[in-house]
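Peer 1: Letter by letter, the chains look like this.
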Amino acid sequence: MDKVYPSLDAAVADIPDGASIAIAGFFTAGTPSPLIRALAKRGVKDLTIICMQMGPGNEDINQLIVNKQVKKAICNYPFYRSATRGANSPAEQAVRAGEIEMEVCPMGTFSEKLRAAGAGIAAFYTPTGVGTVVEEGKEKRKFGDREYLLELAIKPDYAFVYAYKADTIGNLSCHKTARNYNPEMAAAGRITIAAVENIVRPGEIDGDMVHIPGVYVQRVVKVDRPKYFPTID
Amino acid sequence: MNVTKKLRGLSRELIALRIANELEDGTYVNLGIGIPTLVSDWIEGRDIVLQAELGMLNTGPLASKDDVEQDLINASCQPVTELPGSCYFSENESFSMIRGGYMDTAVLGALQVSEKGDLAGWNNPGRGLPDNIGNIGGSMDLAVGAKKVIIAMMHVTNDGEYKIVKKCSYPLTAEGVVDLIVTDLSVIEVTPKGLLLREVAPGLTAADVQSVTEPKLIVSPDLKEIQF
Numbered sequence: 001m002d003k004v005y006p007s008l009d010a011a012v013a014d015i016p017d018g019a020s021i022a023i024a025g026f027f028t029a030g031t032p033s034p035l036i037r038a039l040a041k042r043g044v045k046d047l048t049i050i051c052m053q054m055g056p057g058n059e060d061i062n063q064l065i066v067n068k069q070v071k072k073a074i075c076n077y078p079f080y081r082s083a084t085r086g087a088n089s090p091a092e093q094a095v096r097a098g099e100i101e102m103e104v105c106p107m108g109t110f111s112e113k114l115r116a117a118g119a120g121i122a123a124f125y126t127p128t129g130v131g132t133v134v135e136e137g138k139e140k141r142k143f144g145d146r147e148y149l150l151e152l153a154i155k156p157d158y159a160f161v162y163a164y165k166a167d168t169i170g171n172l173s174c175h176k177t178a179r180n181y182n183p184e185m186a187a188a189g190r191i192t193i194a195a196v197e198n199i200v201r202p203g204e205i206d207g208d209m210v211h212i213p214g215v216y217v218q219r220v221v222k223v224d225r226p227k228y229f230p231t232i233d
Numbered sequence: 001m002n003v004t005k006k007l008r009g010l011s012r013e014l015i016a017l018r019i020a021n022e023l024e025d026g027t028y029v030n031l032g033i034g035i036p037t038l039v040s041d042w043i044e045g046r047d048i049v050l051q052a053e054l055g056m057l058n059t060g061p062l063a064s065k066d067d068v069e070q071d072l073i074n075a076s077c078q079p080v081t082e083l084p085g086s087c088y089f090s091e092n093e094s095f096s097m098i099r100g101g102y103m104d105t106a107v108l109g110a111l112q113v114s115e116k117g118d119l120a121g122w123n124n125p126g127r128g129l130p131d132n133i134g135n136i137g138g139s140m141d142l143a144v145g146a147k148k149v150i151i152a153m154m155h156v157t158n159d160g161e162y163k164i165v166k167k168c169s170y171p172l173t174a175e176g177v178v179d180l181i182v183t184d185l186s187v188i189e190v191t192p193k194g195l196l197l198r199e200v201a202p203g204l205t206a207a208d209v210q211s212v213t214e215p216k217l218i219v220s221p222d223l224k225e226i227q228f
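Chains as they are written, first to last, in the numbering used here: chain A, 1 to 233; chain B, 1 to 228.
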């Protein structure tokens, strides 16, 4: 059961136009940038991307926008905090121009939509968003004395995840806060592709240190550890 | 537009210090972006566990230049450090903690707070984006899930407009969730009867604070100057 792919290009070679892709990473941490760059190079269009943000801390997602590869984005913190910086960013300009359809979810709802998909759950009720624009068009239901919104799972065709270490059968070990969205997105993706800094043989990751079990991971590809200073300014 | 007069009050750092003094030992706390982040400077050594919502408990102080670890950041994307007892988990588990009611206190910034404790903090219409598009981030989950919500903000906007209002005109983060508002000018508690003015910045009177606050304030019989 060897899941190792020889190259980034090979790992994304079958992604078609119109695919939906969950992309992990919290700002800079744990983002599978090499896979995003491979996707930009591949040039497929009409993509739906499901990712925390569209610019801050990630210029590679910006490139997908500049290339006009994205039809729709589902995010929770899409833009730069600074209005000035945001107004100059390709993502915000594309949304303002109506070139990209955008859906914004509360952060917890966002990751729960992915967790639910990975666990075979179609939808769930949460009190987050009640009384706000988030409730528009959604079923509202009372349990006890509290109101909840019905939120639907998101099941992406692909998930791009990042890990510090993998074995050849797809078990992944993450590093500190670079874990973030990776476990739930790995489970949610129909095909999950992991960019990893190190690949070892089965048995060389302590089983207690596996954060993403290999059952969720279909492809593993080795990348060089990026070097950067974490910032969104 | 309700242009109000300019009053001098606390710095952002002192707003954070006043909030740090409000936090109880033995509690779990999440700090939002902006002034709330500064609270962490005032609680070093205290028995308070900070959560970073990307998936960390016992988040330590900001990393010095030599200690920067790119895989160790807080929710504002600043390099941070570990403390004894730090642990890591997924972002989904982090929000399970928040939604599950395990955060004793969330300290959040705000654009507007209403007299009923409604919070508007994620989408400034001045930015010109649609009402349902903007950086919600974790604010709605924290506002709904934390046991106590403390707002850290300047009392009025840069243009002198009310931020403490009868009814929020900006898109809401959550309804009726705010417990305490700490601004550069005052400490105000949200009560079922209305907004209770508990403390004023040194040199100010209750009338001064009322003059820059849209809803009618109930002045505490124990009204005092903010102390640290």
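For the record, the hints were derived by calculation from the structure and aren't laboratory data.
Check before you lean on any hint, since a few could be wrong.
[Claimed, not checked] Okay, derived cross-link-like pairs now, DSBU-like style, lysine-lysine, Cα gap no bigger than 30 Å in a straight line:
id, chain 1, residue 1, chain 2, residue 2
1, B, K167, A, K140
2, B, K147, B, K166
3, B, K216, A, K140
4, B, K193, A, K140
5, B, K116, B, K6
6, A, K142, B, K147
7, B, K166, A, K140
8, B, K148, A, K138
9, B, K193, B, K224
10, B, K6, A, K140
11, A, K140, A, K165
12, B, K166, A, K138
13, B, K65, A, K227
14, B, K116, B, K224
15, A, K165, A, K142
16, B, K166, B, K148
17, A, K142, B, K166
18, A, K41, A, K227
19, A, K138, A, K165
20, A, K140, A, K45
21, B, K116, A, K138
22, A, K45, A, K142
23, B, K65, B, K147
24, A, K142, B, K167
25, A, K222, B, K65
26, B, K116, A, K142
27, A, K72, A, K222
28, B, K6, B, K65
29, B, K216, A, K138
30, B, K148, B, K193
31, A, K165, A, K41
32, A, K68, A, K155
33, B, K167, A, K138
34, B, K193, A, K142
35, A, K142, B, K148
36, B, K193, A, K165
37, B, K148, A, K140
[As the list claims (entries may be wrong)] Heads up, incomplete: computed chain B residues facing chain A, CB under 8 Å, no partners named:
id, residue
38, E53
39, L54
40, G55
Note that this is a predicted model, so its numbers are computed, not measured.
Glycine residues also receive a C-beta, built at the ideal position from the N, C-alpha and C atoms.
Peer 1: Next step is simple, just say for each hint if it's right about the structure.
Peer 2: Quick rundown of the hints versus the structure:
no.	hint	verdict
1	B:K167 x A:K140	23 Å, holds
2	B:K147 x B:K166	24 Å, holds
3	B:K216 x A:K140	33 Å, violated
4	B:K193 x A:K140	28 Å, holds
5	B:K116 x B:K6	25 Å, holds
6	A:K142 x B:K147	20 Å, holds
7	B:K166 x A:K140	26 Å, holds
8	B:K148 x A:K138	27 Å, holds
9	B:K193 x B:K224	20 Å, holds
10	B:K6 x A:K140	43 Å, violated
11	A:K140 x A:K165	42 Å, violated
12	B:K166 x A:K138	28 Å, holds
13	B:K65 x A:K227	15 Å, holds
14	B:K116 x B:K224	23 Å, holds
15	A:K165 x A:K142	44 Å, violated
16	B:K166 x B:K148	21 Å, holds
17	A:K142 x B:K166	27 Å, holds
18	A:K41 x A:K227	21 Å, holds
19	A:K138 x A:K165	40 Å, violated
20	A:K140 x A:K45	35 Å, violated
21	B:K116 x A:K138	25 Å, holds
22	A:K45 x A:K142	41 Å, violated
23	B:K65 x B:K147	35 Å, violated
24	A:K142 x B:K167	25 Å, holds
25	A:K222 x B:K65	29 Å, holds
26	B:K116 x A:K142	21 Å, holds
27	A:K72 x A:K222	29 Å, holds
28	B:K6 x B:K65	39 Å, violated
29	B:K216 x A:K138	35 Å, violated
30	B:K148 x B:K193	18 Å, holds
31	A:K165 x A:K41	25 Å, holds
32	A:K68 x A:K155	23 Å, holds
33	B:K167 x A:K138	24 Å, holds
34	B:K193 x A:K142	26 Å, holds
35	A:K142 x B:K148	22 Å, holds
36	B:K193 x A:K165	56 Å, violated
37	B:K148 x A:K140	24 Å, holds
38	E53	7 Å, holds
39	L54	4 Å, holds
40	G55	5 Å, holds
In this structure, the hints that do not hold are numbers 3, 10, 11, 15, 19, 20, 22, 23, 28, 29, 36, in rising order.
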